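Visitor: Protein chains in written order, with the working numbering: chain A, 1 to 111; chain B, 1 to 118; chain C, 1 to 97.
Honestly, the hints are just simulated from the structure, not real lab data.
All of these numbers come straight from a predicted model, not from anything done at the bench.
All C-beta atoms in this analysis are idealised placements derived from N, C-alpha and C, irrespective of residue type, glycine included.
Treat the hints with care, as some may be off.
Label-pair distances were calculated between CB atoms; the ranges are [claimed, not checked]:
hint, chain 1, residue 1, chain 2, residue 2, range
1, A, A8, B, G16, 39 to 47 Å
2, C, A27, B, D61, 25 to 33 Å
3, A, F3, B, S93, 19 to 27 Å
4, A, T93, C, S26, 48 to 56 Å
5, C, S95, A, G92, 36 to 44 Å
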Amino acid sequence: MNFLTVGARAIELDKDGFLVDLSDWSAEVASALAAAEDIELTPEHWEVLELLRSFYAEFQLSPATRPLIKYTALKLGADKGNSLHLNRLFKGTPAKLAAKLAGLPKPTNCL
Amino acid sequence: MPKSVLIISRQSPWSGPGAREALDIVLAGGAFDLPIGLLFLDDGVLQLAAGQNAKALQQKDLSANLQALPMFGVEELFYCAESANARGLGKRSLDEAEPLSAEHITALIDRYDQVITL
Amino acid sequence: MSTLHVLSHSPFGDDRLSSCLRLIGSADALLLCGDAVYALQPDSAPFFALQDRTIKVFVLDEDAQARAIDIPDWAEAVDYPAFVELSIHHDKVNSWL
């Protein structure tokens, strides 16, 4: 079993590093998950993570890459909703990595 | 040019895996940018009923997932008008889905390269 | 464009046959296999529904024989090689799973 230590809490992760219990998520947890991936969260990261959380709240699923880009373009404009920007922020795998940091389940349609 | 695929979803939403499987094929196809369409037929139209509550059965929220289809690039969404009328389907979710008569469904099936009925 | 519609479920349990007959095009054909051959049960509602239509109906012979179903003159018995031929001959196959 994987654990992520945040303050005094040990938070359970699955084998791919996603939260087992989605309600464990908090801003501190996101920062700790990001640190484990050598990412320091900037405001640009946070706006994508918040977007992903609203995508999940609305549709109850994690977006694959294309829908993530489409949704980001819709909500934040085309200069942010493109693969270049998202790849740069999330090490080339935005759908998977951003979902992980946002506390969403692993996208099932990322085949 | 990849082949176009029409998925015909004709199972009710909560009684078995059919409705979920049909949606998963469509979402996967959409994620790969395949030209894909989805038609709700027979009991499948019941997937479109507004106000369903997945939590009551502790299942994944199929109705919420359906709303994501346009985000996944699936914009060809249809339902059989006759099936909907026969089942008294009133308020619907998924405004994007368009009602079709039997003749229009015949023409729709003709238009796609492949058809999968679940 | 022509479609071969393949039915394998009993017509007495659900809507597949009736929906298929509603949607089938004039260039299409219908193949009955498995329990769908019960649609040819004489004097049954599905039998009359099929008889009244001018569409091409094929029946997998072995499934009909096993179920003691006689094939009427307006339908055509096929074996598996002929089933394959039909699948190739049509632009696509729609199996009503």
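Visitor: Now, for every hint given, state plainly whether the structure supports it.
Guide: Comparing the hints with the structure gives:
| no. | hint | in the structure |
| --- | --- | --- |
| 1 | A/A8 - B/G16: 39 to 47 Å | holds (45 Å) |
| 2 | C/A27 - B/D61: 25 to 33 Å | violated (40 Å) |
| 3 | A/F3 - B/S93: 19 to 27 Å | violated (39 Å) |
| 4 | A/T93 - C/S26: 48 to 56 Å | holds (50 Å) |
| 5 | C/S95 - A/G92: 36 to 44 Å | holds (40 Å) |
Going through the hint list in order, the structure does not satisfy hints 2, 3.
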